[in-house]
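Student: Sequence:
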Amino acid sequence: MYNSIFQFCEYTRNGLFFAPIFLWLGAYIAQHQRRISRYHWYITLCISFLFMAGETIILNSYNIPKHDAMNIFLPMSMYLLFMIIISYTGQRYPRCKDLSLMIYIIHPMMIVVTRMLGKILHLETYFIDNHLIHFCIVTLLSIICSYIFIFIKKGMIQHGKTQVPNRSKLG
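1 is the number of the first residue of the sequence shown in full-length UniProt numbering; add one for each residue after it.
Hints were generated in silico from the structure; no laboratory data involved.
All of these numbers come straight from a predicted model, not from anything done at the bench.
If you anchor each label on the Cβ, the simulated ranges turn out as follows: (1) Y88 to I21: 23 to 29 Å; (2) R115 to I21: 21 to 27 Å; (3) K153 to G54: 42 to 48 Å; (4) Y62 to G90: 40 to 46 Å.
Positions of the beta carbon are idealized from the N, C-alpha and C atoms, including for glycine.
Given only the sequences and the hints, what does the whole structure look like? Please build it.
Tutor: Set out below in C-alpha coordinates:
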(Lines of atoms letter the chains of each structure in order from A and count residues from 1; the text may use other names and numbers.)
(Lines give C-alpha, C1' and ligand atoms only; values in the text may rest on other atoms or scores of the structure.)
Protein backbone atom coordinates (compact mmCIF):
# COMPACT_ATOMS: atom_id res chain seq x y z
CA MET A 1 0.00 0.00 0.00
CA TYR A 2 2.77 2.43 0.96
CA ASN A 3 4.69 1.71 -2.23
CA SER A 4 1.58 2.70 -4.22
CA ILE A 5 1.26 5.95 -2.26
CA PHE A 6 4.96 6.73 -2.74
CA GLN A 7 4.54 6.35 -6.50
CA PHE A 8 2.83 9.76 -6.57
CA CYS A 9 3.78 11.29 -3.18
CA GLU A 10 7.20 11.73 -1.65
CA TYR A 11 5.82 11.56 1.92
CA THR A 12 2.53 10.64 3.55
CA ARG A 13 2.67 13.82 5.64
CA ASN A 14 1.42 16.00 2.82
CA GLY A 15 -1.96 17.34 3.90
CA LEU A 16 -3.84 14.62 2.04
CA PHE A 17 -2.94 11.91 4.56
CA PHE A 18 -2.02 13.95 7.64
CA ALA A 19 -4.32 16.93 8.27
CA PRO A 20 -7.76 15.36 7.61
CA ILE A 21 -7.35 12.90 10.47
CA PHE A 22 -6.87 15.72 12.96
CA LEU A 23 -9.61 17.89 11.43
CA TRP A 24 -12.00 14.95 11.77
CA LEU A 25 -10.76 14.37 15.33
CA GLY A 26 -11.54 17.98 16.27
CA ALA A 27 -15.01 17.74 14.74
CA TYR A 28 -15.64 14.45 16.53
CA ILE A 29 -14.59 15.89 19.89
CA ALA A 30 -16.84 18.94 19.35
CA GLN A 31 -19.86 16.71 18.73
CA HIS A 32 -19.17 13.90 21.22
CA GLN A 33 -18.08 15.25 24.59
CA ARG A 34 -17.04 12.49 27.00
CA ARG A 35 -17.43 12.98 30.73
CA ILE A 36 -14.69 10.87 32.26
CA SER A 37 -12.49 11.84 35.16
CA ARG A 38 -9.28 13.63 34.30
CA TYR A 39 -7.37 10.89 36.13
CA HIS A 40 -8.61 8.29 33.62
CA TRP A 41 -7.65 10.55 30.70
CA TYR A 42 -4.12 10.85 32.13
CA ILE A 43 -3.76 7.09 32.64
CA THR A 44 -4.98 6.25 29.13
CA LEU A 45 -2.78 9.00 27.64
CA CYS A 46 0.28 7.51 29.34
CA ILE A 47 -0.59 4.04 28.03
CA SER A 48 -1.23 5.38 24.53
CA PHE A 49 2.02 7.35 24.62
CA LEU A 50 3.93 4.21 25.64
CA PHE A 51 2.39 2.34 22.71
CA MET A 52 3.30 5.21 20.38
CA ALA A 53 6.88 5.26 21.71
CA GLY A 54 7.12 1.49 21.30
CA GLU A 55 5.80 1.74 17.75
CA THR A 56 8.39 4.41 16.92
CA ILE A 57 11.24 2.39 18.45
CA ILE A 58 10.24 -0.76 16.56
CA LEU A 59 9.80 1.03 13.23
CA ASN A 60 13.09 2.90 13.55
CA SER A 61 15.04 -0.16 14.73
CA TYR A 62 14.00 -1.98 11.54
CA ASN A 63 14.51 1.18 9.45
CA ILE A 64 10.93 0.88 8.14
CA PRO A 65 9.57 4.44 7.94
CA LYS A 66 10.35 6.72 5.07
CA HIS A 67 9.12 9.59 7.23
CA ASP A 68 8.35 9.02 10.90
CA ALA A 69 6.05 11.95 11.65
CA MET A 70 2.88 9.86 11.66
CA ASN A 71 2.28 6.84 13.88
CA ILE A 72 -0.79 4.67 14.24
CA PHE A 73 -1.04 5.63 17.92
CA LEU A 74 -0.61 9.39 17.30
CA PRO A 75 -4.32 10.15 16.68
CA MET A 76 -5.31 8.22 19.81
CA SER A 77 -2.69 10.04 21.89
CA MET A 78 -3.80 13.39 20.50
CA TYR A 79 -7.46 12.60 21.22
CA LEU A 80 -6.60 11.86 24.84
CA LEU A 81 -4.41 14.95 25.12
CA PHE A 82 -7.19 17.12 23.66
CA MET A 83 -9.70 15.66 26.12
CA ILE A 84 -7.38 16.49 29.03
CA ILE A 85 -6.88 20.03 27.77
CA ILE A 86 -10.58 20.77 27.30
CA SER A 87 -11.39 19.30 30.72
CA TYR A 88 -9.81 22.38 32.29
CA THR A 89 -12.02 25.40 32.65
CA GLY A 90 -11.02 28.93 33.34
CA GLN A 91 -10.30 32.23 31.73
CA ARG A 92 -9.76 32.25 27.97
CA TYR A 93 -6.97 34.28 26.46
CA PRO A 94 -7.92 35.58 22.98
CA ARG A 95 -4.28 36.29 22.13
CA CYS A 96 -3.47 32.59 22.57
CA LYS A 97 -6.05 31.77 19.89
CA ASP A 98 -4.40 34.18 17.44
CA LEU A 99 -0.92 33.04 18.39
CA SER A 100 -1.68 29.33 18.03
CA LEU A 101 -3.30 29.89 14.62
CA MET A 102 -0.35 31.96 13.42
CA ILE A 103 2.16 29.35 14.65
CA TYR A 104 0.19 26.64 12.84
CA ILE A 105 0.23 28.65 9.62
CA ILE A 106 3.87 29.77 9.84
CA HIS A 107 5.62 26.62 11.08
CA PRO A 108 5.95 24.92 7.65
CA MET A 109 7.73 28.02 6.35
CA MET A 110 10.01 27.98 9.41
CA ILE A 111 10.93 24.36 8.65
CA VAL A 112 12.12 25.51 5.22
CA VAL A 113 13.93 28.52 6.73
CA THR A 114 15.68 26.32 9.32
CA ARG A 115 16.84 23.87 6.65
CA MET A 116 18.00 26.75 4.45
CA LEU A 117 19.93 28.34 7.34
CA GLY A 118 21.54 24.98 8.12
CA LYS A 119 22.78 24.69 4.54
CA ILE A 120 23.92 28.32 4.25
CA LEU A 121 25.78 28.19 7.58
CA HIS A 122 27.09 24.66 6.89
CA LEU A 123 25.45 23.47 10.11
CA GLU A 124 23.33 20.70 8.60
CA THR A 125 24.51 18.32 11.33
CA TYR A 126 22.82 20.48 13.95
CA PHE A 127 20.01 22.31 12.14
CA ILE A 128 18.76 19.40 10.01
CA ASP A 129 20.16 16.05 11.14
CA ASN A 130 19.66 16.58 14.88
CA HIS A 131 15.88 16.29 15.21
CA LEU A 132 15.70 17.81 18.70
CA ILE A 133 17.68 20.91 17.75
CA HIS A 134 15.74 21.16 14.47
CA PHE A 135 12.45 21.01 16.40
CA CYS A 136 13.61 23.63 18.92
CA ILE A 137 14.78 26.05 16.21
CA VAL A 138 11.57 25.65 14.17
CA THR A 139 9.46 26.13 17.31
CA LEU A 140 11.40 29.21 18.42
CA LEU A 141 11.33 30.80 14.95
CA SER A 142 7.60 30.03 14.60
CA ILE A 143 6.80 31.69 17.93
CA ILE A 144 8.98 34.74 17.26
CA CYS A 145 7.67 35.29 13.72
CA SER A 146 4.09 34.75 14.88
CA TYR A 147 4.46 37.41 17.55
CA ILE A 148 5.98 39.77 14.99
CA PHE A 149 3.16 39.19 12.46
CA ILE A 150 0.48 39.62 15.15
CA PHE A 151 2.18 42.82 16.36
CA ILE A 152 2.34 44.17 12.80
CA LYS A 153 -1.28 43.19 12.12
CA LYS A 154 -2.46 44.80 15.37
CA GLY A 155 -0.49 47.95 14.58
CA MET A 156 -1.91 48.12 11.05
CA ILE A 157 -5.48 47.72 12.33
CA GLN A 158 -5.01 50.39 15.01
CA HIS A 159 -3.23 52.68 12.57
CA GLY A 160 -5.99 52.17 10.02
CA LYS A 161 -8.65 53.05 12.58
CA THR A 162 -6.93 56.31 13.48
CA GLN A 163 -6.75 57.33 9.82
CA VAL A 164 -10.47 56.94 9.12
CA PRO A 165 -12.41 60.09 10.08
CA ASN A 166 -15.63 59.71 12.04
CA ARG A 167 -18.31 60.45 9.41
CA SER A 168 -20.97 61.37 11.97
CA LYS A 169 -18.93 64.43 13.00
CA LEU A 170 -18.37 65.55 9.40
CA GLY A 171 -21.89 66.64 8.97
